[in-house]
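Participant: First to last, the protein sequences are chains A and B.
First residue of the first sequence: 1, per the working numbering; consecutive thereafter.
First residue of the second sequence: 1, per the working numbering; consecutive thereafter.
Errors might be hidden in some of the hints.
Said to hold, decoys possible - So the derived list for chain A, only partly shown, Cβ under 10 Å to chain B, looks like this:
1) Leu5
2) Ala9
3) Ala10
4) Asp19
5) Ala20
6) Ala22
7) Glu26
8) Ala31
9) Trp32
10) Asp58
11) Ser62
12) Leu85
13) Leu89
14) Leu104
15) Ala135
To be verified - One-sided excerpt, in silico: chain A residues whose CB lies under 10 Å from chain B:
16) Phe2
17) Tyr11
18) Asp21
19) Ala24
20) Met28
21) Leu35
22) Ser36
23) Asp37
24) Leu54
25) Arg61
26) Asp86
27) Thr90
28) Leu93
29) Trp109
30) Arg136
31) Arg137
The hints are simulated quantities; they were obtained by calculation from the structure and are not laboratory data.
All C-beta atoms, glycine included, are put in the ideal place defined by N, C-alpha and C.
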Amino acid sequence: MFAHLGAVAAYARRRGSRDADAVAAEVMTIAWRRLSDVPRDDPRPWLYATARNLVQADARRSARAAAHGAGEPGDLAPPPEIPELDPALTEALRSLSRLDREALLLVAWEDLTPTQAARSLGVNATAFRVRLLRARRRLRARLDDSSNGSHDETTHLDLETT
Amino acid sequence: MSDSIIVRLRRANPVPEVATAPGMELFARITALPGDSRLVASERRPKGHRAIVLAFTVLAAVVLASTAYAISHWLGGDVVKPPVTKREYVAAQKLLTLPPGYSWPTFRFPPDAENSVTPRGAGGGHAVMAAQWSWECYWVAAIRTHDDAAAARAHAALNTLLAHNVYEAPAGAPEEWTPSPLPSQPFMVYAHDGGLERTRAGYRLAAAGDATRIAQSCRANVPG
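Chain A extracted, bound-state conformation:
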């Protein structure tokens, strides 16, 4: 389990955590305390799911703090859910629902198989494969739109959509 600490920190960093090492340490602490819940043969999906919850909880806390005007706005702004990539890809990823995006990234960045990724998201493998297929199509369409210059500049990004 501890061998995956680096992978979990990398996951948190890829999801925009401002303190990925602390998130990874917290994930390991939770895993240690709930050792019987952690699949011994393949802990990564469980660890990533826990990291996801922590990163999202931190983002919500930061957003609430920013909304209440506490401290310096720059310090309290919620962390970006995806780091800055090339602009077209960033825009295309942000246009996806959170679940679609996470499905793609678990496979592409975390190198999980669809079965592992489904386990991490708590959905069955068949449903995940369907979601992944649709997410790929949507992302491709978005990128095609973008490269053709037909992107609708007024489109709003709904980061909360699932």
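Since the structure of chain A is provided, determine the placement of chain B on it from the hints.
Facilitator: This is chain B only, laid out in the frame that chain A set:
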């Protein structure tokens, strides 16, 4: 999966390298915490659960030894049985302070503790960790309730702890490194992996009113 979209995403991975393995200090901190009580409780269950219990017991024994290497050798490098470690822990409590409202957490051993050993001084190291975590949590509460006096008290207590009870091993030092001469106070040793500097940075942020870092440490460690 070699779909072109997936390939493009893979190429754009912003963190392509997996970060480092856990430092001993972090490993020690986590494994010094009580493990999953369900695994211990399951010892009473028959058959299928025995393998899990055995695995946990072996892991816990290994972990105790590793933990002790990573944290403290208060009075020397030899190993001692759990009763000695518990006595060290109790003795260290007389030399350290906890914030108001906090009590010393129970020092837990795995089910087969009588067969395990820890390096001498590990009990003192555990007490230093418990004090550190307690003051961090106290500080978080003080910042959130805008209790400046309590925050200053926590800051001072943690500075004292870092100054007198916490050491950082030199770069390249072996895991069993201890300060020389050996301190008369209970102490713990951070590995030379940036952990101590991260802790100090967290305290600097907290002193400026940002409890984020120490809140994470507090949540992760939750002293009793």
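Participant: Take the hints in turn and mark each one as holding or not.
Facilitator: Hints and how they fare:
The criterion of a C-beta within 10 Å of any C-beta in chain B is met by A/Leu5, whose closest approach is roughly 4 Å, and the hint holds. With a least beta-carbon distance of about 4 Å to chain B, the hint placing A/Ala9 at the interface is held under the 10 Å criterion. Contact between A/Ala10 and chain B, as hinted, is supported at the beta carbon level, the nearest pair being about 5 Å apart and thus within 10 Å. A cut of 10 Å between beta carbons decides the hint on A/Asp19: the least distance to chain B is about 7 Å, and the hint holds.
Interface restraint check: A/Ala20 against chain B, minimum CB-CB distance 8 Å, threshold 10 Å, status holds. Checking A/Ala22 against chain B by beta carbon gives a least distance of about 4 Å; that is within 10 Å, so the hint holds. With a cut of 10 Å, the hint placing A/Glu26 at the interface with chain B holds, because the nearest CB-to-CB distance is about 5 Å. Evaluation of the A/Ala31 hint against chain B yields a held restraint, the C-beta minimum of about 9 Å falling below 10 Å.
Given the 10 Å rule on beta carbons, the hint for A/Trp32 holds: about 5 Å separates it from the nearest Cβ of chain B. Annotation: interface hint on A/Asp58 holds; nearest CB of chain B at approximately 8 Å, less than 10 Å. For A/Ser62, the suggested interface contact is upheld, since its CB lies about 9 Å from the closest CB of chain B, less than 10 Å. For A/Leu85, the shortest C-beta to C-beta distance to chain B is roughly 5 Å, which falls under 10 Å, so the interface hint holds.
The closest approach between the C-beta of A/Leu89 and any C-beta of chain B is roughly 6 Å, which is under the 10 Å cut-off, so the hint is satisfied. Residue-level restraint check for A/Leu104 holds (minimum Cβ-Cβ distance to chain B is 6 Å; threshold 10 Å). The restraint placing A/Ala135 at the interface with chain B holds, with a minimum CB-CB distance near 9 Å, inside the 10 Å limit. The interface hint given for A/Phe2 holds, since its Cβ lies 5 Å from the closest Cβ of chain B, which is under the 10 Å cut-off.
A least Cβ separation of about 8 Å between A/Tyr11 and chain B falls short of the 10 Å threshold, and the interface hint therefore holds. Hint status for A/Asp21: holds, given a least beta-carbon distance of 7 Å to chain B, under 10 Å. Given the 10 Å rule on beta carbons, the hint for A/Ala24 holds: about 8 Å separates it from the nearest Cβ of chain B. The beta carbon of A/Met28 is positioned within 10 Å of a beta carbon in chain B (closest approach about 5 Å), and the interface hint is therefore held.
Taking 10 Å as the C-beta cut-off, the interface hint given for A/Leu35 holds, the closest approach to chain B being about 4 Å. Contact between A/Ser36 and chain B, as hinted, is supported at the beta carbon level, the nearest pair being about 5 Å apart and thus within 10 Å. This hint holds: A/Asp37 has a C-beta 8 Å from the nearest C-beta of chain B, less than the 10 Å allowed. The beta carbon of A/Leu54 comes within 9 Å of a beta carbon in chain B, closer than 10 Å, and the hint placing it at the interface holds.
At its closest, the beta carbon of A/Arg61 sits 9 Å from a beta carbon of chain B; the interface hint therefore holds under the 10 Å criterion. Taking 10 Å as the C-beta contact cut-off toward chain B, the hint placing A/Asp86 at the interface holds, the least distance being around 7 Å. Of the supplied interface hints, the one on A/Thr90 holds, with its beta-carbon coming within about 9 Å of a beta-carbon of chain B, less than 10 Å. Satisfaction of the interface hint for A/Leu93 is found here, the shortest Cβ-Cβ separation to chain B being roughly 8 Å, below the 10 Å cut-off.
Interface hint at A/Trp109: satisfied, since its Cβ lies 5 Å from the closest Cβ of chain B, which is below the 10 Å cut-off. Hint status for A/Arg136: holds, given a least beta-carbon distance of 5 Å to chain B, under 10 Å. A hinted interface residue such as A/Arg137 counts as satisfied when its beta carbon comes closer than 10 Å to some beta carbon of chain B; here the least separation is about 9 Å, so the hint holds.
Figure legend: structure checked against the earlier numbered hints; every hint is met.
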